[in-house]
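Please build the complete structure, drawing on both the sequences and the hints.
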Amino acid sequence: MFDATGLFCADCTTGMISGRASRSRISGGSDPVHDRGGDISGEGREMQIRSGRTTAPPSLDSLDSSIIDILRTNGRATNQEIAERLSITAATVSARLQKMEEARVMRVVAVTDFAAHGYNVIIALGVKVQGRDIGDVGRDLAELPQVLSVNVMNGDYDIELLVALHDFSEVQNFLFQHIAVIDGVMHIASGIAVDIVKFEFNVVPL
Amino acid sequence: MKPEQRWECLDRLDQGIVERLARDARISNRAIAAELGVTEGTIRTRIKRLQNEGLIQFTVITDFRMAGSPNLTMMGIKVDPSQVSGLARRLSDIPEITCVVVLLGRYSLLAMGLFTSVEQMNDVIVEHIRPLPGVQSVETSISVDSLKYEPGIAKITRARAID
Chain A
1 MFDATGLFCA DCTTGMISGR ASRSRISGGS DPVHDRGGDI SGEGREMQIR SGRTTAPPSL
61 DSLDSSIIDI LRTNGRATNQ EIAERLSITA ATVSARLQKM EEARVMRVVA VTDFAAHGYN
121 VIIALGVKVQ GRDIGDVGRD LAELPQVLSV NVMNGDYDIE LLVALHDFSE VQNFLFQHIA
181 VIDGVMHIAS GIAVDIVKFE FNVVPL
Chain B
1 MKPEQRWECL DRLDQGIVER LARDARISNR AIAAELGVTE GTIRTRIKRL QNEGLIQFTV
61 ITDFRMAGSP NLTMMGIKVD PSQVSGLARR LSDIPEITCV VVLLGRYSLL AMGLFTSVEQ
121 MNDVIVEHIR PLPGVQSVET SISVDSLKYE PGIAKITRAR AID
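From first to last, the protein sequence lines are chains A and B.
Following this note's numbering, the numbering of the first sequence begins with 1 at its first residue and continues without gaps.
Following this note's numbering, the numbering of the second sequence begins with 1 at its first residue and continues without gaps.
Simulated from the structure, these hints should not be mistaken for lab results.
Only a predicted model underlies this, so the values are computations on that prediction, with no experimental measurement involved.
Don't take every hint at face value.
Keeping only pairs whose Cα atoms sit at most 30 Å apart, straight-line, the calculated BS3-like set for lysine-lysine is [claimed, not checked]:
#1 A/128 to B/148
#2 A/99 to B/148
#3 A/128 to B/78
#4 B/78 to B/148
One-sided excerpt, in silico: chain B residues whose CB lies under 7 Å from chain A [to be verified]:
#5 18
#6 26
#7 58
#8 74
#9 143
#10 145
#11 147
#12 148
#13 155
#14 157
Here are some chain A residues the structure puts well away from chain B; computed CB gaps all over 12 Å [stated by the list, open to error]:
#15 84
#16 85
#17 86
#18 131
#19 132
#20 170
#21 174
#22 183
Using N, Cα and C, we set each Cβ at its ideal position, and we do this for glycine too.
This is the structure we're talking about:
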């Protein structure tokens, strides 16, 4: 199930070519790849576009994966509790976690609900850009604290934003005084979220 | 069980706890208690309550690379207005779809998914979304660069709450 020989190696500096090589070396898993971090199957990699970083995944050994599994169900389990369940020392748990976080493999996060921040208005905003580099516009938008996510898109709209505001009285000011005034923003289309039925982002850019 | 809107505000202690957990989700109750000048038991009770109310959740997020470097795809879906709620539920039943939002304005529904190939994405849209009764059109846009993502703020849906 796990790659037995794959000692955890954080080859973040490996280029695209050697990245592919290291992926094929550890290929062969048939499980859904998102279930087991160490089980990277080799097919279907046509799209490799990521934020300017290499896409070569560091490999995890079964101990790393077991630690991740425990934290998935209880992110607040202490190192001691994890260590006891896996019959290892708390120091090992601590070292493994630190290594994985440093390699940007995983992070344990406290996810708070929009409501806990008093965000009652969530808007999916499409932005069309003209006369300026889309990435530059996106980086300007990313600086706004109300903007939770910024994605450069290849579709009808150049940039998609997820915006969180406290109430409707803030909408007009935010859209016209903060978004529209950014150089290069030509058109905005807003969709107001009235119900968020599913929201599962466990795989993210770290 | 539809997650209802929770308007009540967190008090100062809750806010202090949430702030510290946002910085480091693995910080011990004892450390939070010492910083905020309350007992460890109080911290434990408060965190439990926040979890029960679906306001906070602790989880592992993994990097794109560990899932085969998928691309985030957004699907703007226009549907028969009388069928929006039912379709939202059916879309969230599709495992590949990670996010479903009922919208006013641009589209009726916004769905998102992570796909490692164009074929996989097309399969989900053509086989699982377009045939659903009431779906009028699906407009697809693929993210080519993620410039910002705040993993700490999200909608905690009942299905996700494990604790």
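Supplied contact hint for residue 147 of chain B, tested at 7 Å Cβ to chain A: This hint holds: residue 147 of chain B lies near chain A, its Cβ roughly 4 Å from the closest one there, short of 7 Å.
Proposed proximity, residue 148 of chain B with residue 99 of chain A (alpha carbon, max 30 Å): Measuring from Cα to Cα gives roughly 24 Å; hence the hint holds.
Satisfaction of the residue 58 of chain B interface hint, Cβ to chain A closer than 7 Å: 3 Å, holds
Non-interface claim for residue 183 of chain A versus chain B (Cβ beyond 12 Å): 16 Å, holds
Claimed clearance of chain B by residue 131 of chain A, with the beta carbon kept past 12 Å: At about 19 Å from chain B, residue 131 of chain A clears the 12 Å cut-off, so the statement holds.
Restraint check for residue 128 of chain A with residue 148 of chain B, where alpha carbons must lie at most 30 Å apart: 18 Å, holds
Proposed proximity, residue 148 of chain B with residue 78 of chain B (alpha carbon, max 30 Å): Distance of about 27 Å is within 30 Å: holds.
When the least beta-carbon distance from residue 148 of chain B to chain A is tested against 7 Å, hint result: 4 Å, holds
Least C-beta distance from residue 132 of chain A to chain B larger than 12 Å: Answer for residue 132 of chain A: holds, closest chain B Cβ roughly 15 Å.
30 Å limit on alpha-carbon distance, applied to hinted pair residue 128 of chain A and residue 78 of chain B: 20 Å, holds
Minimum beta-carbon distance criterion (7 Å), residue 145 of chain B to chain A: This hint holds: residue 145 of chain B lies near chain A, its Cβ roughly 4 Å from the closest one there, short of 7 Å.
Residue 85 of chain A remote from chain B - nearest C-beta pair above 12 Å: 16 Å, holds
Of the numbered hints listed earlier, not one is contradicted by the structure.
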